[in-house]
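Below are the chains, spelled out letter by letter.
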Amino acid sequence: MKPIRKQRLGLILLMLAGVALAVTFALKAFNENLMYFFSTTEVVEGKAPENTLIRLGGMVVKGSVKRPGDGMTVHFKLTDFNKEVSVEYTGILPDLFREGQGIVAKGRLDKRGVFVAEEVLAKHDENYMPPEVADSLKKQKTTPTRMEK
Amino acid sequence: MSIIPAPVSRFFHRMASPPIFYAFADKLIPWLSLIFIGLTGAGLYLGLFVAPADYQQGDSYRIIYIHVPAAWMSLFIYVLMAICGGIALIWRMKLAEVMMVSSAPIGAGFTFIALVTGSLWGKPMWGTWWVWDARLTSELILLFLYLGAISLYGAIEDRRTASRAVAILVIVGVVNIPIIHYSVQWWNTLHQGPTVAKAGKPSIHISMLIPLLLMATAFKLHYAIAVLQAAKVEILKREQNTQWVKKLIEGNS
Numbered sequence: 001m002k003p004i005r006k007q008r009l010g011l012i013l014l015m016l017a018g019v020a021l022a023v024t025f026a027l028k029a030f031n032e033n034l035m036y037f038f039s040t041t042e043v044v045e046g047k048a049p050e051n052t053l054i055r056l057g058g059m060v061v062k063g064s065v066k067r068p069g070d071g072m073t074v075h076f077k078l079t080d081f082n083k084e085v086s087v088e089y090t091g092i093l094p095d096l097f098r099e100g101q102g103i104v105a106k107g108r109l110d111k112r113g114v115f116v117a118e119e120v121l122a123k124h125d126e127n128y129m130p131p132e133v134a135d136s137l138k139k140q141k142t143t144p145t146r147m148e149k
Numbered sequence: 150m151s152i153i154p155a156p157v158s159r160f161f162h163r164m165a166s167p168p169i170f171y172a173f174a175d176k177l178i179p180w181l182s183l184i185f186i187g188l189t190g191a192g193l194y195l196g197l198f199v200a201p202a203d204y205q206q207g208d209s210y211r212i213i214y215i216h217v218p219a220a221w222m223s224l225f226i227y228v229l230m231a232i233c234g235g236i237a238l239i240w241r242m243k244l245a246e247v248m249m250v251s252s253a254p255i256g257a258g259f260t261f262i263a264l265v266t267g268s269l270w271g272k273p274m275w276g277t278w279w280v281w282d283a284r285l286t287s288e289l290i291l292l293f294l295y296l297g298a299i300s301l302y303g304a305i306e307d308r309r310t311a312s313r314a315v316a317i318l319v320i321v322g323v324v325n326i327p328i329i330h331y332s333v334q335w336w337n338t339l340h341q342g343p344t345v346a347k348a349g350k351p352s353i354h355i356s357m358l359i360p361l362l363l364m365a366t367a368f369k370l371h372y373a374i375a376v377l378q379a380a381k382v383e384i385l386k387r388e389q390n391t392q393w394v395k396k397l398i399e400g401n402s
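Sequence lines, in order, name chains A and B.
Taking my numbering, I'd label the letters of the first sequence as residues 1 to 149.
Taking my numbering, I'd label the letters of the second sequence as residues 150 to 402.
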């Protein structure tokens, strides 16, 4: 390579390294804000603020979904396989909402430590398979759905 | 240059000449189109009719046969543009500039398709059209980077100066590419994690994976065809006062 080209290559690499470094620091600084939701452990450990609008993500605990009263209000528990949080929601749930499914709820933590949701979104996992395969996996007692993180 | 075999290096040197590239692209496009049609037909048929429904999403998951290849292309084309930009800056190679600026509108198109199909799928599955999570936001920034490259190229009169400015913008923007790819692992996002592009076995059934890979290859060919067409036009615009272009036009009329 000719010296002038080497110099240009060096400048480009230097520029790229500088930008990458700056972006890394910026992302590190804003790490908290880039998290789309809090995990249930973070909420139980008190890292999430009380009575402010936050998002909570987790897996719906099997057998925890209850519909007391008129049927529009749903009570369920969310878990990240470490700590559980009770959630209360009134409204229409998305198609993918079911027990064992990962979801993200937007709402407020009340004084009882119950999360009162205003909006519930289903978080889809990265697994795709035909129903028959899912059935046979269930028979082998391995759960096909799991929550990332 | 010793690591690159001599015939390969000779091929690239020949291709750097616009008339030779122009003629080569002309010959290549029909063949690429033929393979593209075959792959798209096979991919869509296997994806929409043969592949089974998903155990949770039913038939709605079939949008991945457009959404995922388009999203992959949006990253792939950008990296390619950055490489062309680097070559254009270091070696001042005209053809690298042409490939870079011709790729931008195509990449923007794929990014747009990925965003729109994702949104259409997100409404029934997640329950919302759009969320500001790390994956969706970084992909939107990618669209703006593409649009920025297109506008910057249009804003500067001299094509060679404009290309160098675009090359710098594209190379700076390349830091966004790993952010998009790893966003689902670095942060809690609503968007799911990687299914295919990860260490270990893809978490998708083989009958669903094959059409996906067919479609991904078809999209790559579509890009190749589109970029060669666009590059031909760009070359004609840049070389409009040269002898070979005059001869070409006289020969056609």
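These are computed hints drawn from the structure, not numbers from a lab.
Certain hints may be false.
As the list claims (entries may be wrong) - Distance condition first, Cα-Cα at most 35 Å in a straight line; then the derived DSBU-like pairs of lysine-lysine: (1) A:Lys-138 x B:Lys-350; (2) B:Lys-381 x B:Lys-243; (3) A:Lys-2 x B:Lys-386; (4) B:Lys-395 x B:Lys-381; (5) A:Lys-111 x A:Lys-62; (6) B:Lys-272 x A:Lys-28; (7) A:Lys-83 x B:Lys-272; (8) A:Lys-6 x B:Lys-369; (9) B:Lys-396 x A:Lys-62; (10) A:Lys-83 x B:Lys-347; (11) A:Lys-6 x A:Lys-66; (12) B:Lys-395 x B:Lys-272; (13) A:Lys-77 x B:Lys-350; (14) B:Lys-347 x A:Lys-106.
To see whether the hints hold, each was checked on the structure:
1. Taken as a hint, the A:Lys-138 and B:Lys-350 pair is honoured in the structure, with Cα atoms around 19 Å apart against an allowance of 35 Å.
2. Restraint check for B:Lys-381 and B:Lys-243: the C-alpha separation of about 13 Å stays at or below 35 Å, so the hint holds.
3. For the proposed pair A:Lys-2 and B:Lys-386, the alpha carbon gap of about 31 Å is at most 35 Å, so the pair holds.
4. Straight-line distance between C-alpha atoms of B:Lys-395 and B:Lys-381 comes to about 15 Å, which keeps the hinted pair within the 35 Å bound.
5. Of the supplied pair hints, the one linking A:Lys-111 and A:Lys-62 holds, its CA atoms being roughly 25 Å apart against a limit of 35 Å.
6. With a CA separation close to 31 Å, the supplied pair B:Lys-272 and A:Lys-28 stays within the 35 Å bound.
7. This hinted pair checks out: A:Lys-83 and B:Lys-272 have alpha carbons roughly 29 Å apart, not beyond 35 Å.
8. Our distance criterion of 35 Å between C-alpha atoms is met by A:Lys-6 and B:Lys-369, whose separation comes to about 32 Å.
9. At roughly 75 Å between alpha-carbon atoms, B:Lys-396 and A:Lys-62 are farther apart than 35 Å, so this suggested pair is violated.
10. This hinted pair checks out: A:Lys-83 and B:Lys-347 have alpha carbons roughly 28 Å apart, not beyond 35 Å.
11. Between the alpha carbons of A:Lys-6 and A:Lys-66 the distance comes to roughly 68 Å, so the proposed pair goes past 35 Å and is violated.
12. For the given pair, B:Lys-395 sits about 54 Å from B:Lys-272 by alpha-carbon distance, which is inconsistent with the 35 Å threshold.
13. As the CA atoms of A:Lys-77 and B:Lys-350 are separated by approximately 31 Å, the hinted pair is consistent with the 35 Å bound.
14. Under the criterion of a C-alpha separation no larger than 35 Å, the hint pairing B:Lys-347 with A:Lys-106 is consistent with the structure, at around 30 Å.
Hint compliance for this structure: hints 9, 11, 12 are broken, all remaining hints hold.
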